[in-house]
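Given chain R's structure and the hints, the job is docking chains C and G onto it.
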Amino acid sequence: MIRPWRSGTAAAACLTAAAVAAAGCTPSIKPVEIASPGVTASGTIEFWHFFTDREADAIQKVVNQFQAQFPQVKVIVKSGQDDSKTTQSIAAGQGPDVALSGSTDSVGKFCSTGAWQDLTPYLTRDKVDMTDIPQVAQDYTAYQGKRCTMPLLADAYGLYYNKKLFAAAGITSPPKTFSELTADAKKLTQKTANGNLKVAGFDPLSGFYENSIAHFATMAGAKWLTPDGKSAVGSDPAWKDLLTWQKNLVDWYGYDRINKFQSTFGDEGSADNAFEKGQVAMNIDGEWRIAAISADNPKDLDWGVAPLPVSDSRPDAYGSGFLSGNVIGISKNSRNPEAAWQFIKFLTTNTDSVVSLANEIKNVPTLLSALKSPNLSLDPNFKVFLDVFANPKSAAAPLSAAGTAYQDTGQDFINDWQAGKVKDLDAGLKKLDENINQALGG
Amino acid sequence: MTALATPARSHRRAPVPPPRPVRKRRSKEGPLLFIARHSVAIALSMMFLAPFLFILLTSFMTNTQSLTSNYWPTSWHPENYIAVFRKTDMPKYLWNTVLYAGLGTIFTIMSSVPAAYALAKLQWRGRQLMFLVVICMMLLPPQITTVPLYSLWATYGLTGSLWPLILPTLFGDAFSIFLLRQFMLTIPNEYLDAARVDGCGEWRTLFKVIWPMARPGIAATAMFQFFYAWNDYYGPFLYTSENQDNWTISLGIASFRTLHAVAWNLVTAATVFAIAPVLIVFFFAQKAFVQGVTLTGVKG
Amino acid sequence: MATTMATRHAATRPGNPRSRRPGATRRRTRQRLTILSFIAPALIGIVIFFVYPLISALYFSFTKFNLLTPPEFVGLRNYQNMFHDTNLIKASENTIWLVLVMVPAQVLFGLGTGILLVTMKRSATIYRTIFYLPALVPPVAGALAFVYVLKPGTGPVNALLANFGIEGPQWFNDPAWAKPSLTLLALWGIGNTMVIFLAALLDVPVSLHEAAALDGANAWQRFRHVTLPMLSPVIVFSTITGIITTLQFFTEAAVAASAASGQATNGGNSVSTLFGYPEGSTFTYPLWLYVKGFGYNQMGYASAMAIVLFVVAFAIILLVLKRSKSFSGEAS
Chain R
427 MIRPWRSGTA AAACLTAAAV AAAGCTPSIK PVEIASPGVT ASGTIEFWHF FTDREADAIQ
487 KVVNQFQAQF PQVKVIVKSG QDDSKTTQSI AAGQGPDVAL SGSTDSVGKF CSTGAWQDLT
547 PYLTRDKVDM TDIPQVAQDY TAYQGKRCTM PLLADAYGLY YNKKLFAAAG ITSPPKTFSE
607 LTADAKKLTQ KTANGNLKVA GFDPLSGFYE NSIAHFATMA GAKWLTPDGK SAVGSDPAWK
667 DLLTWQKNLV DWYGYDRINK FQSTFGDEGS ADNAFEKGQV AMNIDGEWRI AAISADNPKD
727 LDWGVAPLPV SDSRPDAYGS GFLSGNVIGI SKNSRNPEAA WQFIKFLTTN TDSVVSLANE
787 IKNVPTLLSA LKSPNLSLDP NFKVFLDVFA NPKSAAAPLS AAGTAYQDTG QDFINDWQAG
847 KVKDLDAGLK KLDENINQAL GG
Chain C
868 MTALATPARS HRRAPVPPPR PVRKRRSKEG PLLFIARHSV AIALSMMFLA PFLFILLTSF
928 MTNTQSLTSN YWPTSWHPEN YIAVFRKTDM PKYLWNTVLY AGLGTIFTIM SSVPAAYALA
988 KLQWRGRQLM FLVVICMMLL PPQITTVPLY SLWATYGLTG SLWPLILPTL FGDAFSIFLL
1048 RQFMLTIPNE YLDAARVDGC GEWRTLFKVI WPMARPGIAA TAMFQFFYAW NDYYGPFLYT
1108 SENQDNWTIS LGIASFRTLH AVAWNLVTAA TVFAIAPVLI VFFFAQKAFV QGVTLTGVKG
Chain G
37 MATTMATRHA ATRPGNPRSR RPGATRRRTR QRLTILSFIA PALIGIVIFF VYPLISALYF
97 SFTKFNLLTP PEFVGLRNYQ NMFHDTNLIK ASENTIWLVL VMVPAQVLFG LGTGILLVTM
157 KRSATIYRTI FYLPALVPPV AGALAFVYVL KPGTGPVNAL LANFGIEGPQ WFNDPAWAKP
217 SLTLLALWGI GNTMVIFLAA LLDVPVSLHE AAALDGANAW QRFRHVTLPM LSPVIVFSTI
277 TGIITTLQFF TEAAVAASAA SGQATNGGNS VSTLFGYPEG STFTYPLWLY VKGFGYNQMG
337 YASAMAIVLF VVAFAIILLV LKRSKSFSGE AS
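Chains as they are written, first to last, in the working numbering: chain R, 427 to 868; chain C, 868 to 1167; chain G, 37 to 368.
Among the clues, some could well be false.
[To be verified] Straight line, CA to CA, 20 angstroms or less: simulated EDC-like cross-link-like pairs of lysine to aspartate or glutamate:
#, chain 1, residue 1, chain 2, residue 2
1, R, Lys703, R, Asp722
2, R, Lys617, G, Glu203
3, R, Lys673, R, Glu636
4, G, Lys215, R, Asp842
5, R, Lys686, G, Glu203
[Claimed, not checked] Take a look, some chain R residues computed to stay more than 10 angstroms from chain G by CB distance:
#, residue
6, Ala697
7, Tyr744
8, Asn785
9, Asn841
Bear in mind the hints are in silico, worked out from the structure with no lab data behind them. Cβ coordinates follow ideal geometry from the N, Cα and C atoms, glycine included.
Next up, chain R with everything else stripped away, as it sits in the complex (with noise of 0.2 angstroms):
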């Protein structure tokens, strides 16, 4: 028999422990104390990072010369890692000394969460030049006033173009605006005898590979957040000029059609990525891509790279683009800060560790000094993701306590937006408007 008020009674007894259990076991945020000045470090730290292969093996090489020259700290590296397992592991009092995030998003989250340590007194005590950080580098990498991360070399974003496909279509020079895009982009398109696609000039559809909305916003010069930190989507009309555009390029391909050749792509970080095999004529992509491309060496693509084309009411805006970084700081629950900080100080602020280490991944490098350097050996394509970043137009995404909550709220609308599933753009961007406050304060 059921007696259903007997187990109740338990529950109910068992409630108050629980509620004193769950409120003791929280933990708190300990305030840092460091060494005095000239102390050396030592002893061994763990680095979480989260390159994989290629990558993996070229920060390896600058890890190694770390170890060269401070023989008495050990790295111990763990490739693979992104931002929810440190971010989780963490929180589980666990985790790394150092970890290197790849990408602003979880600046915020670090930072005022107390995950990664401050790293300012660090700084202040030995002296560190901050005016050989760009100041765009010096802002994604600091929330509110706190730096709890530092920039290890940044990523710019610019459209790589098929140079063989554009001549076929008579194209001499990569667009600048989006009309240009649109249009050019209808001149590479080609098809098959049954109307499928046979080559995209763009693929417009957003989630694809780097099509994500936040690149999208930065060549709209769409805002994200108003300056008191709630949702600016609904006010900014710049969104309404994006997304329209957006979508007019996917209807004219039909939204079916450029979704099913797209799921004939190879994977974005592989060999077959499509704009390597000539699939796509145009596509959105970082810096890293030359090195990719050079690694991979597909056969007869001849490309260029040339700066995101820009909405039409804002041409002056050509030259700018997405901004991200990596971004590397130190655990709250770092049993070795100072050796760390060792660690961080090198990699980060050290002229010919950065020129090596942006010469092997081929990132841009995040030192004045080392933009200059002669030692930075890039390819000639390069130059346009250095101009970009040194373009004060450029902008990273915006920094948020709760992380990427807010894309991925614009993210999963655009998502629906593209599939023709709103269909009043302005009450949808007003309910996104509520969505992203929402996601915001959760």
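Chains C and G in isolation, oriented as in the chain R frame:
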């Protein structure tokens, strides 16, 4: 009802080998019906087997060919399997999986058999309640308790390892307790009485009488538990994803494609690594399985 | 747990526990301790791994909690937010879709294959093994295999369909087809359900069929009026267990989405950002719970979702307890 042989949770996907021979029913049937029946059966067999075949064939292709629509490798590349080993730490994943499944199974049996015995063969107040709680534990989605348990293990610094998955099996497993209890119910009380008349204590009765008689049920339970752990993805994903040293095979192959951006020829080769061991075990131990589960299949 | 144990043997006659003979009390105490020793580990397990987390989840569900900073009481806000969470709504719809489509499909297919096998003769063994094999495949491997086999464009299935001039769907890459694809995967691994039906079908007495046949019933009538009534408990049982397992559907949806997305995590993406692909069509309730809790560190919100899941699952379990004899305490 055949509740005993029922895997009450899908993720407890253990081999429940089918009951043996089909009894003769009607002898006369038209050749047309015979042909129809076999055509359907053959068509179904092909559909059931085709994925295995496609995976196996693709695992021998070059990465370029794996992106084409050819079924048959134009050239054979067994070195794909070596490439999988070079890119991932397969032996370690395999060892971790054996550790999780092996220790987990031993602990589960150790802790669940006595509890099942008390629930099946002894009478005490609270028995019904405990049995109901066990059923709830067995049926409720594990995601309900995930957050508090994660933070519990975090306070002991055990996340990042397989211990949060292994240690709880020391304290009984609801599904195993349920299965063992159902099996023990079928053991006639006369045997117990005989043992008690001989002056055996309950623990001795358990080991001398119940254990040998329940052996098929224990074997089936152990099998369920072993395969559950072997196939588990959610648990290792939750607790060990940040520490590759503690990954299991399921986690290793699930992350293989996204982490290394490899082509399908290598992904399929890795998949073969995960499938092969269970199939081999099944074919070698099929008889034992059948015996265990046919015996367990007694109506409850 | 309140398990005060006034004990008596199942074997010994009830009715005499009140005997006041000297030694009886001592014996009873010993007996209680023995029983306690049997169930102690399981009791500890129930408290630590079930009761405590359940109550704790309830507590967390009223807080904002990210594991990093102490939980902060927010009242009912997490529950209120659930109504505006578009992905949660999507995930719930997906889970309901799976319950309404995948579960019946599994039951019907399991029954169908069972019936086919039961009518086969000598060759049944080999077919039975073949039909059963996919059930052995680890879910992760099965999901990866299906993403590959059903790859649009160049996957074997669509290539095969193209030979017949049929243009195959986009399967895991199309929001409309992703759940049907997961259903196909579930049907491929039908083995366990099939075996349960096969066993039940074999239990239908041949004599009943013969009697019905003598009365002039045709095959359909025999199935409808003889076999089906005998099977109905099994059908109910596998439907209910099917629903319960579908409420926790996680692995296949997670692995298929991340594998089909074609995106890599080696740029530092979290794998949880790939879940739900395409367009959230493969988010299931538990999957979204995981993403909220461990992807976004919103443990409080995830706990609120857990409590709602608990309420739903518990209602279904009550149904099980009511319907199924084998779950009731006094079975045998």
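Here's how the hints hold up against the structure:
At roughly 11 angstroms between alpha-carbon atoms, lysine 703 of chain R and aspartate 722 of chain R fall within 20 angstroms of each other, so this suggested pair holds. Distance hint between lysine 617 of chain R and glutamate 203 of chain G is fulfilled; the C-alpha atoms sit about 17 angstroms from each other, no more than 20 angstroms. Straight-line distance between C-alpha atoms of lysine 673 of chain R and glutamate 636 of chain R comes to about 17 angstroms, which keeps the hinted pair within the 20 angstroms bound. In summary, the hint linking lysine 215 of chain G to aspartate 842 of chain R is supported, as the alpha carbons are separated by about 18 angstroms, within the 20 angstroms threshold.
A threshold of 20 angstroms between alpha carbons decides the hint, and for lysine 686 of chain R with glutamate 203 of chain G the separation of about 11 angstroms falls inside it, so the pair holds. With a minimum CB-CB distance of about 12 angstroms to chain G, alanine 697 of chain R clears the 10 angstroms threshold, and the non-interface call stands. At the 10 angstroms boundary, the C-beta of tyrosine 744 of chain R stays outside the reach of chain G, the nearest C-beta of that chain being 26 angstroms off. No Cβ of chain G approaches the Cβ of asparagine 785 of chain R within 10 angstroms, the least distance being about 20 angstroms, so the stated non-interface status holds.
With a closest Cβ-Cβ approach of about 5 angstroms to chain G, asparagine 841 of chain R is found to fall inside the 10 angstroms limit, against its non-interface label.
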